[in-house]
Amino acid sequence: MSKTHKVDDMSPEQMELGKKSAEKNMSLARHVMGKMVRKVNVDKDLLQHWVLPAEDFSGDVVAASMTAEDRLHLMLADGTGHGISAALCMMPVSEIFYAMSGKGFPIASIVRELNKKMVSLLPVDRFVAATLASIDWSNKTIEIWNGGGPSAFFLNEAGESIQVWKSKNLPIGVLSDKDFDDKVDVFRWDQPGQLFMYSDGLIEARNPSDALFGFERMLQVLSEANQAHRFEHLKERLMVHIGAKVSDDDISLVAVHCKTGLKGSMEFERKSKSNQAIVRGPHSWKLVLDLDAEDIKEIDLLPILLTWLKQCGISQKNSQRLFLILTELYNNAVDHGLLGLDSSLKTSSEGFEGYLSKRSQRLAKLKHASVAIYCERIRDKEGDYIYFNIKDSGPGFDFAEHLRGKVSCMSSLSGRGITLVNSLTRKMLYKGKGNEVEVEYLLSE
Amino acid sequence: MALNVEVKDHNGRLKLAMSGRFDFNSNRDFRKAYEEGMNRYPSGPIEIDFSGVDYMDSSALGMLLLFKERASEQDRSIALLNCQDSVREILDVVNFGKLFAIQ
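If you read the protein sequences in the order shown, they are chains A and B.
Residue 193 in the working numbering sits at position 193 of the first sequence; the count goes up by one each step and never skips.
Residue 467 in the working numbering sits at position 22 of the second sequence; the count goes up by one each step and never skips.
Please note that the accuracy of each hint is not assured.
Label-pair distances were calculated between CB atoms; the ranges are [said to hold, decoys possible]:
no., chain 1, residue 1, chain 2, residue 2, range
1, A, His233, B, Asn470, 34 to 40 Å
2, A, Met10, B, Ala524, 48 to 54 Å
3, B, Lys543, A, Gly102, 28 to 34 Å
4, B, Asn470, A, Gln311, 28 to 34 Å
5, B, Ala524, A, Glu69, 45 to 51 Å
6, B, Asp530, A, Gln311, 43 to 49 Å
7, B, Asn484, A, Glu69, 42 to 48 Å
8, B, Ser496, A, Lys168, 25 to 31 Å
9, B, Arg473, A, Gly102, 41 to 47 Å
Hint data in this document are derived by calculation from the structure and do not stem from the laboratory.
Idealized CB from N, CA, C, for every residue including glycine.
Using the sequences plus the hints, can you model the full thing?
Here it is, written out as structure tokens:
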């Protein structure tokens, strides 16, 4: 801003110029924010959503993202105020939500990061009321974190509210990271229904004679229509209520259909077949890495994996053991599986030095090879564990013979790696022709 | 009705007695009142009497956060007294009970 004029001192030409400049700025803001707001790209049969801004720009944000595990991450956030300043404050909120959902972080980690970021960005008197949900159709569970948002609820097919999630937390952007509570509530539905989330603008919408729409009226209206038409019915009745009156606050509404469709039941069968009651915990994630010959030469894989584990909140003690397990298995896959190096070389006259120089020679020549790493955090009756599967494109080895001799291996110089991994894990299994190994490492306190 | 704030004495402590609508337009009056009150009563816990407040919006919540920060600099606590149901409801949704003693 170059100069400020008192309106009284302005000539009509100056006023016109000022108006034009303001319009230009607004149109630029509209363009940028239009690009920033992502289209919610989730099947309409699963999710319905609606935002009615009070002004040009909405301070309400509805964001939804399907995770790699086929969960729906959903966020309804309402920044203090409305219009352009509120919309501006909300930009980092949706960016963080999408980025972290895409990387597979659970909503507890997302909300903690959002809080940390917003505390540092917003002035003390600004905050963001938000409700985050994670919907898992295969396990029929909903995880919810509500900080300062109106109560979310679950309606059964008859339109009765069978679960209500009140705000249990302060809004985002108030508490320090140390005081912030990211605990989520978990609900399992035993009958089909819909999860509803909305901003306070909806229940506080007033009609021309100033009567509030209200929570009770909202529940009443929802129970009037059958499940398929409930969402549209509420929208229509709300618009009738508001009438010609311009809404004072942004209004937003989302509904998630919670049923056990085909996909859900298939997923369930697959799991029960494995004969393990696997419950995906709040920290469930998976990581798949496919490395080709060039990757194997260039990428220093282990620090990447270690960083990943750290970011997923794995304790240092567990990380150290996992690091050891990964190092052994990965090196086995590369050295023996792909490069055909014999461990007994290490004890030969050439010794370790010779082994390493042979290794780098053969690695440089490596072509058409691959290592696939699959890593997942799973929960079962015994607790949370990390499952690894590492498969190389090499010819494999006679693992049966190797394991038979494992007792003596500990004292010899070669083969200690596998024995060590075996002792650290709950389960270790060589598969195929010996080019594939899977282990389960139970996370300890 | 615009917000009216009176600086009062409660056994030698600062008490702000408020009435009217506590909203966006109250910013200046509220801040002026608590600054004046804090000068007059430079230490001890602070009380805000909400009995005359019938409406409160999110910018009022923001003002309370600013006031709390200001009071924390002097290690002083703030208690919110006699809230009407409509005000209490808003304070509960945002869980301000974790930041202020609500009585």
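Tested hints:
With their beta carbons about 37 Å apart, His233(A) and Asn470(B) fall inside the hinted range of 34 to 40 Å. Distance hint for Met10(A) and Ala524(B): a CB-CB separation of about 49 Å, consistent with the stated range 48 to 54 Å. Between Lys543(B) and Gly102(A), the C-beta spacing of about 32 Å keeps the proposed range 28 to 34 Å intact. Judged by the Cβ atoms, the range 28 to 34 Å given for Asn470(B) and Gln311(A) is violated: they are separated by roughly 45 Å.
In this structure the hint that Ala524(B) and Glu69(A) lie 45 to 51 Å apart at CB holds, the actual value being about 46 Å. Taking 43 to 49 Å as the suggested C-beta distance range, the pair Asp530(B) and Gln311(A) conforms, at roughly 45 Å. Evaluation of the 42 to 48 Å hint for Asn484(B) and Glu69(A) yields a failure: the beta carbon distance comes to about 57 Å. Judged by the Cβ atoms, the range 25 to 31 Å given for Ser496(B) and Lys168(A) holds: they are separated by roughly 27 Å.
Distance hint for Arg473(B) and Gly102(A): a CB-CB separation of about 44 Å, consistent with the stated range 41 to 47 Å.
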